[in-house]
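Full structure from sequences and hints, please.
Protein sequence lines, in the order shown, are assigned to chains F and L.
Residue 58 in the numbering used here is what sits at position 58 of the first sequence, and the numbering runs on without skipping anything.
Residue 76 in the numbering used here is what sits at position 76 of the second sequence, and the numbering runs on without skipping anything.
Where hints are given, some of them may not hold.
Simulated crosslink set (DSSO-like; lysine-lysine; CA at most 30 Å straight-line) [to be verified]:
(1) K106(F) / K55(L)
(2) K64(L) / K20(L)
(3) K109(F) / K41(L)
(4) K41(L) / K106(F)
(5) K41(L) / K14(L)
(6) K64(L) / K106(F)
No lab work stands behind these hints, which were simulated from the structure alone.
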Amino acid sequence: GQSLEQPSEVTAVEGAIVQINCTYQTSGFYGLSWYQQHDGGAPTFLSYNALDGLEETGRFSSFLSRSDSYGYLLLQELQMKDSASYFCAVRDRGYGGSQGNLIFGKGTKLSVKP
Amino acid sequence: GAVVSQHPSWVICKSGTSVKIECRSLDFQATTMFWYRQFPKQSLMLMATSNEGSKATYEQGVEKDKFLINHASLTLSTLTVTSAHPEDSSFYICSAQPPDYSGRADNEQFFGPGTRLTVL
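As structure tokens, this is what we get:
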């Protein structure tokens, strides 16, 4: 089967650093993505890792270890506006070995407190 | 980035009626669009893949006769919830990728703003 595991909730204070972990088990692997979704809003793309290592984009960084089927999203200098749900997603194998659909984790609700 | 719109943003209907939701790619052509359903505090569950000019591909457990998908053009896909019931109340989100997504370095998928359906 296919599954992505991530913590359901995380709470932190403004200015802190938070790491949201994601472990996955899928039929194929074409990269790990992270999406942010505010309540009632659409998911928005944050980052993508196809190769092992750390990708940094401003206050957000994402890490991937393919051998461990593991990745994380690191949020630094937390702000109140970062309160949202964060989803990891993996593209599985499609028909004929091509890239398939995005499979989403259940999401981690991040609450940033003053 | 690419823009995907959805209409309506919310709809309330009586049980037994049908509701149509439109998904449009505004600044790119999308041969493939995706329809997701999201219950409160839950993940996005892929319902079906909408293919322009051909039948949609439904995920296991999704009734194709209840959730009709029509991808009539390269910029428009519609989802019709037929004979809606209260258990169909959910947040429906579409997404699309530019046609060259397989070559993109970021593997990004663009989502519409979602449609909140409430069936009374």
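Which numbered hints fail
none
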